[in-house]
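Colleague: Okay, here's what each chain looks like letter by letter:
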Amino acid sequence: MTNNKLDIQEFLDQDQKKDLLRLLTAGSVDDGKSTLIGRLMFDSKMLYEDQLSALERDSKRIGHAGEEIDYALLLDGLKAEREQGITIDVAYRYFATNKRKFIIADTPGHEQYTRNMITGGSTANLAIILVDATKGVITQTRRHTFLASLLGIKHIVLAVNKMDLVDFDQQVFDNICADYTRFITQLDIPDFHAIPLSALKGDNVVDLSDKTPWYHGKSLLEFLETVHVGSDRNLNDFRYPVQNVLRPDRYFRGFSGVVVSGVVEKGDSVVALPSGKQSRVKSIPTYDGELEKAFAPQAITIELEDEIDISRGEMLVHPDNVPRKERHFEAMLVWMDEKNMDPNAQFFLKQTSNTVRARIDQIRYKTDVNTLEHSEVDQLKLNEIGRTVITTAKPIFFDPYKKNKATGSFILIDTMTNNTVAVGMIIDKIESEYLPSKITSEEEVKIEKGIGLVQQSEYQKRYNQKGATIWITGLHGSGKNKLAFSLEKQLFQSGATVVLLDGSTLRSGLNRELDFSPSDRAEHLRRVSHIAKILNDQGIIVICSFISHDEDIRSQCAQIVGKDRFHLVYMNADIEYCRTNRPELYKLGEDGKISHIPGFDIEYQIPNNANLILKSFDKDLHPNIVLNYLGENEIYPLK
Amino acid sequence: MSDNYSLSNLRELEAEAIHIIREVAAEFENPVMLYSIGKDSSVMARLAEKAFFPGKVPFPLMHIDSKWKFQEMIDFRDQYAKDNGWDLIVHYNKQGFESGVGPFTHGSKVHTDVMKTQALLEGLDKYKFDAAFGGARRDEEKSRAKERIFSFRDRFHQWDPKNQRPELWNIYNAKVHKGESIRVFPISNWTELDIWQYIRLENIPIVPLYYAKERPVVEVDGNLIMVDDERMPEELRNKAEMRMVRFRTLGCYPLTGAVESEADTIEKIVEEMMTATQSERTTRVIDFDQDGSMEQKKREGYF
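Just so you know, the sequences run in chain order A and B. In case it helps, the UniProt record's numbering puts the first sequence at residues 1 to 639. In case it helps, the UniProt record's numbering puts the second sequence at residues 1 to 303.
Just so you know, not all the hints are guaranteed correct.
[Stated by the list, open to error] What the simulated footprint calls covered on chain B by chain A, stretch by stretch (three residues with Cβ under 8 Å from a Cβ of chain A suffice, anywhere in the stretch; the number is not a length):
{"hint": "1", "region": "86-94"}
{"hint": "2", "region": "208-215"}
[What the hints assert, rightly or not] In silico DSSO-like cross-links for lysine-lysine, where the CA-CA straight-line distance does not exceed 27 Å:
{"hint": "3", "chain 1": "B", "residue 1": "LYS56", "chain 2": "A", "residue 2": "LYS282"}
{"hint": "4", "chain 1": "A", "residue 1": "LYS266", "chain 2": "B", "residue 2": "LYS178"}
{"hint": "5", "chain 1": "A", "residue 1": "LYS449", "chain 2": "A", "residue 2": "LYS482"}
{"hint": "6", "chain 1": "B", "residue 1": "LYS50", "chain 2": "A", "residue 2": "LYS17"}
{"hint": "7", "chain 1": "B", "residue 1": "LYS175", "chain 2": "A", "residue 2": "LYS99"}
{"hint": "8", "chain 1": "A", "residue 1": "LYS339", "chain 2": "B", "residue 2": "LYS175"}
{"hint": "9", "chain 1": "B", "residue 1": "LYS268", "chain 2": "A", "residue 2": "LYS17"}
{"hint": "10", "chain 1": "A", "residue 1": "LYS394", "chain 2": "A", "residue 2": "LYS446"}
{"hint": "11", "chain 1": "A", "residue 1": "LYS489", "chain 2": "A", "residue 2": "LYS381"}
{"hint": "12", "chain 1": "B", "residue 1": "LYS56", "chain 2": "A", "residue 2": "LYS293"}
{"hint": "13", "chain 1": "A", "residue 1": "LYS639", "chain 2": "A", "residue 2": "LYS466"}
{"hint": "14", "chain 1": "A", "residue 1": "LYS563", "chain 2": "A", "residue 2": "LYS482"}
{"hint": "15", "chain 1": "B", "residue 1": "LYS82", "chain 2": "A", "residue 2": "LYS293"}
{"hint": "16", "chain 1": "B", "residue 1": "LYS268", "chain 2": "A", "residue 2": "LYS394"}
{"hint": "17", "chain 1": "B", "residue 1": "LYS50", "chain 2": "A", "residue 2": "LYS18"}
{"hint": "18", "chain 1": "A", "residue 1": "LYS282", "chain 2": "B", "residue 2": "LYS175"}
{"hint": "19", "chain 1": "B", "residue 1": "LYS56", "chain 2": "A", "residue 2": "LYS266"}
{"hint": "20", "chain 1": "A", "residue 1": "LYS18", "chain 2": "B", "residue 2": "LYS56"}
{"hint": "21", "chain 1": "A", "residue 1": "LYS339", "chain 2": "B", "residue 2": "LYS268"}
{"hint": "22", "chain 1": "A", "residue 1": "LYS325", "chain 2": "B", "residue 2": "LYS175"}
{"hint": "23", "chain 1": "A", "residue 1": "LYS461", "chain 2": "A", "residue 2": "LYS489"}
{"hint": "24", "chain 1": "B", "residue 1": "LYS175", "chain 2": "A", "residue 2": "LYS381"}
Derived from the structure by calculation, the hints contain no laboratory data. Just so it is clear, the structure is predicted and the values come from calculations on it, not from any experiment. We put the beta carbon where it would ideally sit given N, CA and C, even for glycine.
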């Protein structure tokens, strides 16, 4: 690497073309993991003299390797950890060879730190799982392998370390490989290699060792340099979650994001999700000039041919290759928080650039990371893994994690503490309609109290209106019903959700035992008000057409319905007009056949608090006046 | 798929950084990019320009001026911001400055605390920034190897290594309560060589101090300190001699040691670096204050 003969220009030109391999190392300090990493970095000359001398000094002071250099000290960064002698988090290491650059996510092997391995492994192409040759495949080995397969890491290297302690015996190595192969048949691991080595002595780490003539594979470093990971990327399914909308001026609107999978070319037809609107890629402008095509994982900006509305969290895809769209799906969930899962809590679910509210409907089972056995549980605790059913407030667009890591992964955020409490990988095997759903305990309390589970805001959004009562009062024959019926028709036709309550309909059924006496009139209107209230509570507009002559009763009705949504319309028509308009009833009164006719033989109390007063001479305009009123007061329509 | 669809490590790191920068711009109300004028800051600023091209970067640059920076850094800063259309905020600890705090009189520890750490916290509070980009890299120093890309800070800007959020895939949790904030490190995964490669590839301007030139320097406790202004005590200034030197890192001039070098191009710098026997941070005086001192400073709110 530091070959001075190589011209520096040539070196730099070659170096910048190298690809990147992200790898995970799993195992404990006892397995010699840190020693192995230190050795890789040391032998590829990534250690500086001052780091080495500090290392030698520290090895003598706090090292665990006796007189030898303790490479582990290089890697343990944090003070508290250094004192405890363990690595307790994920640490990232960087080194390069002539062929490749490497990022190592170094994670500890202790049981309580499954969380860290999951974190370190989420971006890894390859996992090195360390086994101590003197101990063979142990519980921890199985745990690490299971986690690697859960994360969808496609390449696994079983590094059988400390071969020097078993005299580089082929039989020991072969037995360990056989054990391990038997174990991984139940897991999904496409590519697996085993290498016998001694990290401490350097055998088979960088160069092949003459102590293992029976081993015909590559050294660890050579394997890492040559393993093909390019095809691990999903280049088939174009997925482009929009991160930001760029509008530097009125001529340009671009959608920026990362091509998380697939390929997109200029001129491609694309569809925006969830709107379903289609357009074509007009250009892919970048700081370095326009691109003809872009592919995963490039960060780009896309300009479309048509002006369509797309915002952050939405996704551009090809029309003939769309992701799943569901609110209800299964996922493997890893619990990452010290606090146990509250099965009734709501979370923020962040997937791609999109954040929605979510809840956990069911834990189908918990998987024991050591035995792979399933068990039934009510909640997950730190470092536990379970297959769960999740419901989101809005549909999300995803692919199964196995097919597409970028669109199949998500994190759950606690809405109170804002901590990332869990991470998930979506499984897509069972149709959402066959998945169980549940009512949360919060909702159960509401049901017990008889409180609806649908929010007012949800009704308003669905109906585009506010639940309200339009209460039309006035003398018999003043035109109440004419207004009420035509209003209902016009509101219905314009898209409102409306219910009409009028005297004769109610009196013919619900209130048929009631007569026209003052007390029965009061009871009649009390019932009407309660119906109106129930309907208003559920977001519906109610038109009530009732004489309702008594001020006290009208205000009682307003009380029941709720004063802020009770809108009183007074039909201001004098008795002569009404008598001419609807003579039959007044005739019966004149003939003494019926009594208690408001405005005739009992007083009609003219309201002094009406929201609208309608005069009889412009009766054809009445429906429009009311419609205007509803619009101005933001009852309907809302937008 | 063919090699037409392969991305070099540098372009992969670039894409990762742009994604991070855009996430912060989208999810935070008031982000800022901390600008140290160093080579890492220069790369980070270019990445931000790329992230929002053809638009303007939607957040400002903020330089915490300790008032002891090399003059060439200040000139470069003002020119860069002007040339590239950045909103530039320069903040310094006024009280510290007026009471004459400086490394020669107060020592590196007090100076760094007052003029850098305190000044930074003051600046962040003054403008109520809820996210601050920093150009730190994980390969720089041991305690940084474990730093998250989104590093959570409490209301007092403090970093608790035991209370950091798990960070998976490239999904970043950007939720904070009022008063809390995050530090974001978009070039976490870059190495020193990556930075130089990118500067070379992209033709990114850097402060000329990185290139070797004859400069007046004095040897202080084994470090070559450049005479940048009259504030250096006279008895030291008198000992100055012209030597061919360059700087591997930039900071306050009395706290930044030069290295003797002939490297006056990026290629030569890289060549020198590849054969170097000392890691980058050894020329920073503050690291030697006490063992684990960078971690200590991080806990207190310094990067």
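Colleague: Next, verify each hint and record whether it holds.
Modeller: Tested hints:
no.: 1; hint: 86-94; result: violated (count 0)
no.: 2; hint: 208-215; result: violated (count 0)
no.: 3; hint: B/LYS56 / A/LYS282; result: holds, 21 Å
no.: 4; hint: A/LYS266 / B/LYS178; result: violated, 43 Å
no.: 5; hint: A/LYS449 / A/LYS482; result: violated, 40 Å
no.: 6; hint: B/LYS50 / A/LYS17; result: holds, 20 Å
no.: 7; hint: B/LYS175 / A/LYS99; result: violated, 40 Å
no.: 8; hint: A/LYS339 / B/LYS175; result: holds, 18 Å
no.: 9; hint: B/LYS268 / A/LYS17; result: holds, 19 Å
no.: 10; hint: A/LYS394 / A/LYS446; result: holds, 22 Å
no.: 11; hint: A/LYS489 / A/LYS381; result: violated, 57 Å
no.: 12; hint: B/LYS56 / A/LYS293; result: holds, 24 Å
no.: 13; hint: A/LYS639 / A/LYS466; result: holds, 12 Å
no.: 14; hint: A/LYS563 / A/LYS482; result: holds, 25 Å
no.: 15; hint: B/LYS82 / A/LYS293; result: violated, 33 Å
no.: 16; hint: B/LYS268 / A/LYS394; result: violated, 56 Å
no.: 17; hint: B/LYS50 / A/LYS18; result: holds, 22 Å
no.: 18; hint: A/LYS282 / B/LYS175; result: violated, 35 Å
no.: 19; hint: B/LYS56 / A/LYS266; result: holds, 24 Å
no.: 20; hint: A/LYS18 / B/LYS56; result: violated, 32 Å
no.: 21; hint: A/LYS339 / B/LYS268; result: violated, 53 Å
no.: 22; hint: A/LYS325 / B/LYS175; result: holds, 25 Å
no.: 23; hint: A/LYS461 / A/LYS489; result: holds, 22 Å
no.: 24; hint: B/LYS175 / A/LYS381; result: holds, 22 Å
Taken one by one, the earlier hints fail for this structure at numbers 1, 2, 4, 5, 7, 11, 15, 16, 18, 20, 21, listed in ascending order.
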